[in-house]
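Participant: Protein chains in written order, with this note's numbering: chain A, 55 to 277; chain B, 343 to 762.
Think of the hints as simulated: they come from the structure by calculation, not from any bench.
Backbone N, C-alpha and C fix where the C-beta goes; we use that ideal spot for every residue, glycine too.
Among the hints, a few may not be true.
[Said to hold, decoys possible] Covered stretches of chain B, going by a simulated chain A footprint (3 or more residues, C-beta under 8 Å):
id	stretch
1	648-662
2	670-683
[To be verified] A short, non-exhaustive set of chain B residues, derived as facing chain A with CB atoms under 8 Å:
id	residue
3	Thr-359
4	Gly-554
5	Val-610
6	Ala-665
7	Thr-666
8	Gly-667
9	Ile-753
10	Ile-759
11	Arg-760
[As the list claims (entries may be wrong)] Here are the simulated lysine-lysine pairs, BS3-like style, with alpha carbons at most 30 Å apart:
id	chain 1	residue 1	chain 2	residue 2
12	A	Lys-139	A	Lys-242
13	B	Lys-658	A	Lys-216
14	B	Lys-749	B	Lys-362
15	B	Lys-751	A	Lys-139
16	A	Lys-139	B	Lys-354
17	A	Lys-242	B	Lys-658
18	B	Lys-362	A	Lys-70
19	B	Lys-441	B	Lys-608
20	B	Lys-441	B	Lys-453
21	A	Lys-139	B	Lys-748
22	A	Lys-139	A	Lys-57
Residue-level listing of the chains:
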Amino acid sequence: MSKVLVTKHIDKYFHKPKEFHVLKDITMGVTQGEFVSVMGKSGSGKSTLLYILSTMDTDYTGELYLNNSLISGRSQQELARIRNKNIGFVFQFHYLLSEFTVLENVMLPAKKLAEKSHKEIEYDALEKLEMLHIGHLAQQRASRISGGEKQRVAIARALINKPTILMGDEPTGNLDSHNSENVFDIFKRLKEKEGLSLLVVTHDHDFAKRTDRIIEMEDGRVL
Amino acid sequence: MTNWKVILNIAKTHLLTKMKSTVTATLGVTFGIGAYITLVSFMTGLNTLLDDLILNQTPHIHIYNEIEPSKQQPISLFNDFEDALNTVSSVRPKQGQLKIHNAVPILNKLKSDSNVKGATPQLRAQIFYLAGSIELGGRLIGVDIMEEVRLSNIEDYIVNGTPEALRNSDNGILLGHGLAEKMSLSVGDRVQISTVSGSVFPLKIVGIYQSGIAEVDNQQSFTNLKTVQRILGEVNSYITDINVKLWDMDMAVPMANTLEKQYGVKAVDIKEANAQFETGTNIRNLITYAVSIALLIVAGFGIYNILNMLIYEKMKDIAILKATGFSGNDVQLIFMSQAMLIGTLGGLLGLLVGFLLAIAIDHAPFETDAMPTLTTYPVTFEFIYYLIGIIFALISTFIAGYLPSKKAKNIDPVEIIRGT
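Okay, chain A solo, but in the shape it has when bound (with noise of 0.2 Å):
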């Protein structure tokens, strides 16, 4: 199986309040269809991790591979652009648009891809939004729904563009157990039926146990 995500000897440091070394010498890798987990205490750098493989950091030194081509030294514009076609994100506190419908929420990185057609974007965010059973919702202002609901909207969104790997950062933090328990599934179910590769932040063992594979993190470094 090849691998989707590639580092190689990543170092951050934070330079404000003071010199910190946060990253020490990460190299790991997923492959595709794998769904991977990151787990680790507060301030092991998981989150910092996440954010320089999801490209929105670009202050650290190293290599990052997506899909076997050279990320790190890209220009913002061409990042932008990476984010957007290959890389889906969910957030811990569900960030959706609040000023606009569940519908046009999922389907405005799509619409700023601009490979399809108006009417064709529409049909996939209402099928995504089907496959997640929250169809009836589309015509919902964002910010009337459940937080649930909210955290299913925005994986279908990150879903739109068929992304090569969908990133979480504690997609299920602010989740009851209840609805935790059907984003994992939905993440399962991504994983197996469509072949996708996940990487998930958490502090859930229960949410790690179940993943393919755990990476645990410490001080900086890959344990």
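Starting from the known structure of chain A, fit chain B onto it as the hints suggest.
Facilitator: Below, chain B alone, put in the same frame as chain A:
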């Protein structure tokens, strides 16, 4: 690669959900531009009025014979006293004649000049208006009335009667308004005038002339050139003044200099005669623009503030947009297009408001003795001011939007997402 449809859609949604701020910012621009249009229309209207009042009554070049002492007294021509200190006391003006020497050929030469719109002969005579036993000192100007009508706006100042009536009458007079009041005369009456040498002539009043300048109206009347020549007992080449109107006013200064040298006459150009008026016009324009720019700066700060607040409120949205693949430039464009939408909308509304206000002012009654033909406030409508107005609006909103949007562009999504 910019996807304008998506960016404008987001900008539109932001503006519509923040209706109150949007309206406030838009009204700020509207107010600024509206005030600018109103002010500039009114000010230029006023400028034109004042220019008409004075400048159009003065010819571009006025040619006459100045009464002045000889520049060289005879003693200085005498070689024997070359090195001596000569003192001449009680210098008198040179003996000369009031009429312009060779006036008719000069007139014809001027009329054939391609720079000249027209040249009119005038004969100014000191006379007395006789009202019973009272003699009122004054001035009678003999003119070619139809040429004057063509070249100046004298017709606007004939409050009763017509220039044609004067042309058609051999002994008609356009009597000064102040004189007519003093002597209780009106159109159709006769007025007696007496020359300096004492001969008395009756003239028929065919019109009343009111320039709006009391001093003039109390002394000056117009009649035909021939009539004055006859009253004075002079031949029909006797002309004391020539007024020249040029196609291009800026030619007046060099041309006046040439004429002075060429014909040995005094030639005064319009800039020399009315230097203070241009200054007044410039200062009024300056005030107009200063006030307008001040208003626009205020409106600009309004937009700056509102966008700044919006960006703080939308930090999370910006982070989300960036995380899902919008670049910093896209985010900047979203906020820039909001500013520009506000600017365009506010600017266009401002043009409309300014236009309507200008129309209202144009219809407000305003009567003054200075301009007998004027019944409402003077306002000009010129397309160029509307063009300047909208460009003003766009530039100021661009600047006001640029700084906050630049900040939005540089927001680090990681900081926002980790922060919560």
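Participant: Could you run down the list of hints and mark each one as holding or not?
Facilitator: Hint-by-hint comparison with the structure:
1. 648-662: holds (count 4)
2. 670-683: holds (count 3)
3. Thr-359: holds (4 Å)
4. Gly-554: violated (63 Å)
5. Val-610: violated (69 Å)
6. Ala-665: holds (5 Å)
7. Thr-666: This hint holds: Thr-666 of chain B lies near chain A, its Cβ roughly 4 Å from the closest one there, short of 8 Å.
8. Gly-667: At 2 Å from the nearest chain A Cβ, Gly-667 of chain B passes the 8 Å test, so the hint holds.
9. Ile-753: violated (11 Å)
10. Ile-759: holds (6 Å)
11. Arg-760: With a minimum Cβ separation of about 6 Å from chain A (threshold 8 Å), the hint on Arg-760 of chain B holds.
12. A:Lys-139 x A:Lys-242: This hinted pair holds, its Cα atoms lying about 22 Å apart.
13. B:Lys-658 x A:Lys-216: holds (24 Å)
14. B:Lys-749 x B:Lys-362: holds (23 Å)
15. B:Lys-751 x A:Lys-139: Holds: Lys-751 of chain B and Lys-139 of chain A sit about 20 Å apart, inside 30 Å.
16. A:Lys-139 x B:Lys-354: Within the cut-off at roughly 25 Å; holds.
17. A:Lys-242 x B:Lys-658: holds (28 Å)
18. B:Lys-362 x A:Lys-70: Violated, because 39 Å separates the two Cα atoms, which is more than 30 Å.
19. B:Lys-441 x B:Lys-608: holds (12 Å)
20. B:Lys-441 x B:Lys-453: holds (19 Å)
21. A:Lys-139 x B:Lys-748: The given pair, whose Cα atoms are some 25 Å apart, holds under the 30 Å limit.
22. A:Lys-139 x A:Lys-57: holds (18 Å)
Checked against the numbered hints given earlier, the structure breaks hints 4, 5, 9 and 18 and satisfies all the rest.
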